[in-house]
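Note that the protein sequences, when read in sequence, are chains A and B. If you use our numbering, the first sequence corresponds to residues 3 to 266, in order. If you use our numbering, the second sequence corresponds to residues 245 to 401, in order.
No lab work stands behind these hints, which were simulated from the structure alone. Possibly wrong hints are sitting among the right ones.
Said to hold, decoys possible - Only pairs whose alpha carbons sit at most 20 Å apart, straight line, appear in this in silico SDA-like list of lysine to any residue:
1. A:24 <-> B:264
2. B:298 <-> A:24
3. A:232 <-> A:246
4. B:280 <-> A:3
5. A:11 <-> B:265
6. A:11 <-> B:334
7. B:298 <-> A:10
8. A:11 <-> B:264
9. B:398 <-> B:325
10. A:11 <-> B:398
11. A:11 <-> B:280
12. A:11 <-> B:260
13. B:249 <-> A:246
14. A:24 <-> A:161
15. B:249 <-> A:48
16. A:11 <-> B:363
17. A:11 <-> B:249
18. A:25 <-> B:263
19. A:11 <-> B:311
20. A:11 <-> B:325
21. B:298 <-> A:57
22. B:298 <-> A:25
23. B:249 <-> A:10
Read off the chains here:
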Amino acid sequence: MLQINRYVKVSSLEEAYELNQKKNNVIIGGMHWLKMMDRMVGTAIDLSGLGLDEIIETEDSFEIGCMVTLRQLEQHEGLNKYTAGAVADAVKDIVGVQFRNTATVGGSIFGRYGFSDVLTVFLALDTTVVCHKAGEVSLQEYVKLPQDRDILVKLIVKKVPMAVAYQAQRHARTDFPILTCAVSYWNGTWHAAVGARPGRAELVVDENKLVSGETATAEEAKAFGKAVAKQLIYNSNMRGSAEYRQQITPVLVKRAMLAAGKGR
Amino acid sequence: MMELKFSLNGKKVSTIIEADSLLIDVVRDLGCLSVKRGCETSNCGLCTVFVNDKPVLSCSVLAARVEGQNVTTLEGLQEEAAEFGAFLADQGAEQCGFCNPGFMMNAIAMFRENPHPEEEEILSYLAGNLCRCSGYEGQLRSIQTYLAFKDSQKGGV
């Protein structure tokens, strides 16, 4: 059971950062995952008074505050126009509307959960993470770092011209995914982020140019999918075996590539 | 121990909570027994309440977080609940009824957000409300007949 000694709604990031240096203190996002833990928390640090619950669209980027909910991601017109609905596709089967109304993007990304649809889709975009002390880091780098005592303040998604699509495999809607997959074409190259293997999502870039351009043929998409599956490490858990996950990777990559709508 | 002030079903309330009190327990202690604890793993939707008119899972919300906010439970939505509930009963949608309050809350949230949902939109919006005695068909029929009734009241669409 989760036990909390003290609750503090902080009035600045610095206050949150200082409180967060103590090992038994923790920042609360949507608290869904945290609540499942058997843990004694000294101080629960709440960032919800800092105005970090907004998606700000500028000419060349989206700034997504860490307290933005998954439902906000799902319903944001600009972000979904830019990603041709891929962001909404990624979150729409996460539990239910009520869950998505409180689960936060900061919690999803900071947790670097293996099953994370959210992490998968943002990895395929040109995303950076802004931390209070460490500053701006690419998401690709951030995902590999261990959880630290810094604060994830916001995500920045740059509006590079992009084609992108999302696919996931689930036993049933609202369950954890068996495999997550986001593909994107930008800067002249295809990218595929694959997660729930069941390890956390990783990005594979088509460096060998198996795909000639933005409009991939079915054969090219299949070839890139196979290359992605070969490059990643898979494991088994109660939702599926390593072999199954590896088998369906090229299928999801191909489907997503052929569906990838052009971002605007 | 800390004092918590918020609005519950339109009335200002003040109560004493612990730092780790969950919203579900606080509203139940204040008499809102429609709010049910089903799974306690943020999955079943039985504990659904509105915070500032948005449906959330009260089993996973720290009570301290609703300071100064508006919380609504089914007790505060009696008129809508009675009206829609009659359609659920007509379809014999439920057997034990334990999931009913959470389901009604989320259905009401959907009616407000999207008064003319397609079947797929209904299934998607209510996917986070579990019922262990039905196959959801009766609930779906009751929603569709209720929406048709609401439209006919307005003179049809």
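Non-conforming hints, listed in increasing numerical order
Hint check: 2, 6, 7, 10, 11, 13, 14, 16, 20 and 22 fail, others pass.
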